[in-house]
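> Below, each chain spelled out in residue letters.
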Amino acid sequence: MLEIYKVFIRRRSYIAFGAILFIIVLLLLAVNYEAKNVLDFMTSNLKESFSFQGNLVNGNLYAHIVMRSLWVHIPMLVVLVTGDLVSGEYQSGTFRLILSRPVSRFSIITSKFISGWIYVLLIVVFLAVLSLGLGYLFLGNGDLLVTNNTINIFNSDDVLWRFGLAYSFGLLSMLTVASLSMFLSTIFNNSVTAVLASLALVIVLTFLSTFNIPVINSIKPFLFTSYMGGWDSFFTFNIDFGKIILESVLLLVHIIIFYLLGLYVFIKKDILT
Amino acid sequence: MPENTIVKIRGLCKSFDGIIALNNLDMEVKKGDIYGFLGPNGSGKSTTIKALLTLVKPEMGDIEVFGQDLNINAKSILKRIGSIIEKPGFYERISAMNNLKLLAKYSDIKITEKELIEIFDTVGLSDRKESKVGSYSHGMKQRLGFAQAIMHKPELLILDEPFGGLDPKGSRDMRKLILKLNKEKGTTIVLSSHHIDEIENIANRMIIINKGSSVCEGSVKEIVENNKMSIIIIVDEPAEALKKLKASRLPIENISLVSNVIKLNCSHDAIPFINQYLQLSGFKIYEIRKEKALENYYLTFT
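The listed protein sequences derive, respectively, from chains B and P. Numbering (the numbering used here) for the first sequence: 1 to 273. Numbering (the numbering used here) for the second sequence: 1001 to 1302.
One or more of the hints may lead you astray.
Stated by the list, open to error - Looking from chain B toward chain P, a few residues come up when the C-beta cut is under 10 Å (computed):
hint	residue
1	11
2	92
3	96
4	273
It should be emphasised that the hints constitute simulated quantities derived from the structure, not laboratory data. The model shown is predicted, which means the values in this text are computed figures rather than measured ones. The C-beta atom is built at its ideal place from N, Cα and C for all residues, glycine as well.
Using the sequences plus the hints, can you model the full thing?
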């Protein structure tokens, strides 16, 4: 509880919530006032073969657009806070006070990771509740139109569970990003370095994951960023649950590895700052 | 370890990136000591203190505190220690009171609001206890550092440069507090400082360390007495006075004239006789003063 309290006494912890709120409201205004253009843009290649009827610009479509638009940026916001969780305390000298008290380093770093994970959970829940809530409130319910390589239209009563599972999977990938940045945060005594190193690593890994070059393809299975877009699998009619479970397990393994590495570094570290 | 030994360090070694910080350091703090820890920058004072507080992991050597191995019983030992290490770091966005409550929770201490208010009174921060620490000056943070160090009534208080950033009144108040805790509550105090005067005035035992090793350790009195006092004498005719003093049978050594100032070594008891001798010889004495013995001694090593 102490570590959660400490997360929320920092001003930067609210930046992510503020940024999400701002973008979500902006997107809502855009979708609301540009409804026809949005739909035209999404179906531009299909209009000659299909005719679309009914209220397709609705809360579900909006929530799906929000997920697609923001999912790339959420890791940045997550890293901003979790990258500072440990290194920020090295830098401010508060660890000198805390670790010279009868408290184990194991419990401190474990609490840090848990508080970081809870923060990520709150961010993802905030994003989900706000996008779906505002979407339904201002745009109403309706069938969900999803365009990838194919076009899928999901019945309105077949959508919420998909969002639930998509956000759960998304949460797992954000927890992996958070765990990586918290691990890096245990290494660096300066929070700017820790945040920048985490951001740089996430960007490079994401870049490698999306690149289609044979040499890089062979290492892709080992990059957690290769699985971060897995949430989109829930918006297909034939969901490959086996693949999703495997990817979830791989993300979970990454989380555990980053936690153990963070624990090792923190227990061994000399607190000099 | 004898019952009255609170801290015993043997053969402590530590290096950072190949640079030796502690080199086979030995030291011993006895119960009820105000133990001065003197050394120049980079001598290993802070590293030793950090090792005592488990912030730094030594490569070799043993640390026993309260008769227990620090490696094995760190938690129970740290419960009985209070400390300020260099500039204390607090959570700037919450009040001083909430900072102490937070630290009390980390220490698993049950402390009442009333007790906390008393501590704020003790360190002279009662009117600013609800202010955010971000608005505190360096001196106020130092006082708050002292408050957190004593709030759980520790048996051993480790203070690393506690006078840094304090104004003269702040230094005097803190000195009084240290002496009071030592005298009334029997708290053993390890005090590292660059202020040689502070160590000389407060401490009863001390260690001087340089390049990570102990140069000397013992009672401050012994160390000062073992090093004969230097006396500075300013008279109207210094060259004549020098001749007279050299020819006298007074118990003085190493007499010399430097920039029209006579400098000599003698015991404390010899000073009045020197004064009387010069007066009777017709010299006008403008000044006789002691040079700081400990400072001289310290400077020979550093």
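> Determine for every hint whether it applies to the structure shown.
Going through the hints against the structure:
Among the interface hints, the one on residue 11/B holds; its C-beta lies about 7 Å from the nearest C-beta in chain P, closer than the 10 Å criterion. For residue 92/B, the interface hint holds, the least distance from its beta-carbon to any beta-carbon of chain P being 5 Å, beneath 10 Å. The beta carbon of residue 96/B comes within 5 Å of a beta carbon in chain P, closer than 10 Å, and the hint placing it at the interface holds. Because the beta carbon of residue 273/B sits about 9 Å from the nearest beta carbon in chain P, less than 10 Å, this interface hint is met.
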